[in-house]
Amino acid sequence: MNSNKLIIAAAGSGKTTFLINESLKKSANKVLITTYTQANEEEIRKKFIKVNKCIPENIAILTWFSFLLKHGVRPYQGCLFGDDIKGLILVNNQSARYSKEKDIKKHYFTNGRKIYSDKISKFVCICNEKSSGSVVDRLSRIYSHIYIDEAQDLAGYDLELLKLLFKCNSSTLLVGDPRQATYSTNNASKNKKYKKSKIIHFFEDIPNEIEIEIDDTSLAINYRCISDICNLSNKLFPDLQSAKSGNTKTTEHDGVFLVRTQDAEEYLQKFNPVQLQDTKRTEVNCNYKVMNYGESKGLSFKRVLIYPTKPVRDWLKNNHSDLAPTSRAKLYVAITRAEYSVGIVYDFDSNTNIEGVNKYNDEKE
Amino acid sequence: MKVDRIKIINFKCFKGKLNLELNDGLNVLVGDNESGKSTILEAIHLALTGLFNGKYLKYELTQYLFNNEVISEYLTNIENGDMAIPPFILIEVFIKGDDLAHLEGDGNSEKNNACGISLRIAFDEKHQPEYEKLIQSGNIKTLPVEYYDVFWNSFARESITSRSIPIKSALIDSSSHRYQNGSDIYISRIVRDNLEPKEIVEISQAHRTMRDSFMECPTIKAINEKIKLDAKISSKNIELSVELLSKNAWENSLMTYLDEVPFHFVGKGEQCVIKTKLALGHKKSKEANLILLEEPENHLTHSRLNQLINDLKTENQDKQIIVSTHSSFVANKLGLDNLILLNNFKHIQFNDLKPETKIFFEKISGYDTLRLILCNKAILVEGDSDELIVQKAYMKKNNGALPIQNGIDIISVGTSFLRFLEIAEKIEKPVVVLTDNDGDVDALKKKYNNYLGNNKKRYIDICFDETVDGGDLIIGESSFNYNTLEPKILKANNLEKLNTILDVSFKSEDELHKYMKRNKTECALKIFCTTEDINYPDYILSAIE
Chain H
1 MNSNKLIIAA AGSGKTTFLI NESLKKSANK VLITTYTQAN EEEIRKKFIK VNKCIPENIA
61 ILTWFSFLLK HGVRPYQGCL FGDDIKGLIL VNNQSARYSK EKDIKKHYFT NGRKIYSDKI
121 SKFVCICNEK SSGSVVDRLS RIYSHIYIDE AQDLAGYDLE LLKLLFKCNS STLLVGDPRQ
181 ATYSTNNASK NKKYKKSKII HFFEDIPNEI EIEIDDTSLA INYRCISDIC NLSNKLFPDL
241 QSAKSGNTKT TEHDGVFLVR TQDAEEYLQK FNPVQLQDTK RTEVNCNYKV MNYGESKGLS
301 FKRVLIYPTK PVRDWLKNNH SDLAPTSRAK LYVAITRAEY SVGIVYDFDS NTNIEGVNKY
361 NDEKE
Chain V
1001 MKVDRIKIIN FKCFKGKLNL ELNDGLNVLV GDNESGKSTI LEAIHLALTG LFNGKYLKYE
1061 LTQYLFNNEV ISEYLTNIEN GDMAIPPFIL IEVFIKGDDL AHLEGDGNSE KNNACGISLR
1121 IAFDEKHQPE YEKLIQSGNI KTLPVEYYDV FWNSFARESI TSRSIPIKSA LIDSSSHRYQ
1181 NGSDIYISRI VRDNLEPKEI VEISQAHRTM RDSFMECPTI KAINEKIKLD AKISSKNIEL
1241 SVELLSKNAW ENSLMTYLDE VPFHFVGKGE QCVIKTKLAL GHKKSKEANL ILLEEPENHL
1301 THSRLNQLIN DLKTENQDKQ IIVSTHSSFV ANKLGLDNLI LLNNFKHIQF NDLKPETKIF
1361 FEKISGYDTL RLILCNKAIL VEGDSDELIV QKAYMKKNNG ALPIQNGIDI ISVGTSFLRF
1421 LEIAEKIEKP VVVLTDNDGD VDALKKKYNN YLGNNKKRYI DICFDETVDG GDLIIGESSF
1481 NYNTLEPKIL KANNLEKLNT ILDVSFKSED ELHKYMKRNK TECALKIFCT TEDINYPDYI
1541 LSAIE
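For the record, the sequence lines run as chains H and V. Per our numbering, the very first residue in the first sequence carries number 1; after that it's consecutive. Per our numbering, the very first residue in the second sequence carries number 1001; after that it's consecutive.
For the record, the hints were derived by calculation from the structure and aren't laboratory data. Idealized CB from N, CA, C, for every residue including glycine. Careful: at least some of the hints might be erroneous.
If you want a taste of the chain V side facing chain H, the calculated C-beta under 10 Å gives, among others [to be verified]:
1) G1097
2) D1099
3) K1111
4) Y1147
5) D1149
6) F1151
7) A1156
8) R1157
9) T1161
10) H1264
11) G1269
Kindly generate the complete structure, drawing on both the sequences and the hints.
Below, the structure is given as structure tokens:
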């Protein structure tokens, strides 16, 4: 029998390892593991080799776009587009915006016959419809289990395809963290209301005839961050199940600290944290390691020093102040990279008082 | 897992499309020389292995793979400045079986959802700019095959390799393609296809160990020391070793032996039998095996052939086999059910025939069917006596040459003209039916309605005498039939002449009629042997035309 399950996993809860262990249990079946970013696909491969020495024959690992191209587009493209498709072209915005939907060639493809990344899942859905379900049927006969990592990155027609997968004979297992919705596979207007961290509502809104189990407890323990860090990150998403800390070790410098600009150099020298910036334009100390928020996703550091934007500073002061979904997700990612200490560059004064946050060098004022 | 159907377009002798459905078990391809039997085997093997003449086709593309007519049409069009699309070759193998979903899709020439693989040899768009220049220069005398590539995909439009194709094809023919060390490529493939992945790993490990122990051998060590000292020209280390570089080193250096004789030194016939047996013994669970056997009669003695055929029949339970042959013995032994008749690059399967016709041919010896297929032209007659007389008439007209010497076979078919015509029509075999009118031309015309008048087929002629003769001779209760061969011959000649030829002396034509009716074959033989100049009825002469 097929089953569908979404596991909402907290940062640092070991979701990729969980997926790998699940798939290793299925040695008699064919398993597909897919994820949006190439970085994560590589991470999955590396972890497989770590856990199992090699990737077993019955397991296929593909990025979301290669999966769509290989199993969604090519097998039955004949019902929409007979010519040879040369590959995929990544677009950040809506492609060929003024093309008519019926003009398949213009709507979906570049002149060089590459399919636009924002429309590929739409193409797949329509292909499936035109071929009377052959696309999904074929897929479900190849893979008895379909695992999707970083499910929060899916958007637009991806979600329509998910519904089709939920209805087919394969078992689908998704793991993701809506709090880390920093990327989206596309920017299509379809399913706009489920964008980024709101993807959780998509699963809640799924009609009753599709059975899907939502599990927000199995992977709710954050083994990476100590309690203070966990608590701050939970404040960003009060509506979601809060993650508990599974790291009880201590060091000489544990917790969340505001660090004045003038003290940053000293702080860096003393604790050697990785600097995390919003964009490349942020002013940082180039003598120490530095990374963008987005880049750091999936990684783990002992200590970080975050350079916040104005909206982030405002949010720290007042948790009800407005913070855009992407900024919120990025901040969540940045905070949860650290195992023991999070420094935040912030010029505090004696009046500054944020719950659960210490002031570095306060007495030296 | 079986090959359900194959489709061949523009490959070698097949101009346009050949669409051939295969039986799950045995398939016997029967046809004359040059009828495309071997090409079909080659095409299937190519699509399943990527190999052509024992080499990877990718690196061996030539214009001779293409149908000649297709190429000349293309070249003529270019010369005339007409639009000319570079021709392509397509071989599609439709596969049925479980666990094949990954090969499914509509990436086939029929654009339907199907499971299989396609091998296309076609112009590669990459070379469009060069090709344009070439066209403009107007200097194309041959197919610009340097701009072609091989596109080998599943129907899901995913490129594939021979490893990822679940059906392993074993081609057993008289050619021998060898690796550098002399070991036969096909037998190596067959042996390797029989091995499980674990065993392959073990062999290559053992091969490695062999190399290591070779290097450790004191003699070799001493020699290598000596070489090192002698080779002062280079600062680099020079030593003797065993080749391990290539991916399939063990395959290149291991050889198959038969009673301590290297395989390729064994007789051709024995090689054929052994390859077949090895392929029959293939037992891998996840893969199927397709055996392609080319004209096994070529280098086997009758008894060896008999044995091989028995093996094929008894040990093939779950194997799909395609045998090409022009031996009626092989075809008959393997069963008419499995026959696929090839003629003129068209084919006919026994399953295509009307059920009654199929049963009819299954009952009679397969020999006559094959005669019809293998000859160039056929004259169908009713009985032995007609056969002899038509032969005689033919010889007279052709300076004593027997019809068979010119590829014309005279087949006596009894009353089964229509059944033979059904086959002839399907394979477009030129056939003349020579029949008596039996006194009722209308009934005859009705019987052959499908082949006369507006329905006349290009390849089929029906010859009979339009004149109905009559008389008052009565034999027993019924009146004499004046409209069969003998009375017509008598009519074309006269009493005196026939008395001479038949060495009799009847007083009246009626008496001669009675005699000829009673002694049909003997009379025919006498006519055949006579040196007398004899006249033949017009309908016979027109049949010979």
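Results of checking the hints against the structure:
1. G1097: G1097 of chain V check fails; min Cβ-Cβ to chain H is 12 Å, beyond 10 Å.
2. D1099: 8 Å, holds
3. K1111: 5 Å, holds
4. Y1147: 16 Å, violated
5. D1149: Violated, because the Cβ-Cβ distance from D1149 of chain V to chain H comes to roughly 12 Å (cut-off 10 Å).
6. F1151: Given a least distance of 9 Å, the restraint on F1151 of chain V holds.
7. A1156: 4 Å, holds
8. R1157: 4 Å, holds
9. T1161: 15 Å, violated
10. H1264: The hint is violated - H1264 of chain V has no Cβ within 10 Å of chain H, the shortest such distance being about 35 Å.
11. G1269: This hint is violated: G1269 of chain V lies away from chain H, its Cβ roughly 41 Å from the closest one there, beyond 10 Å.
In this structure, the hints that do not hold are numbers 1, 4, 5, 9, 10, 11, in rising order.
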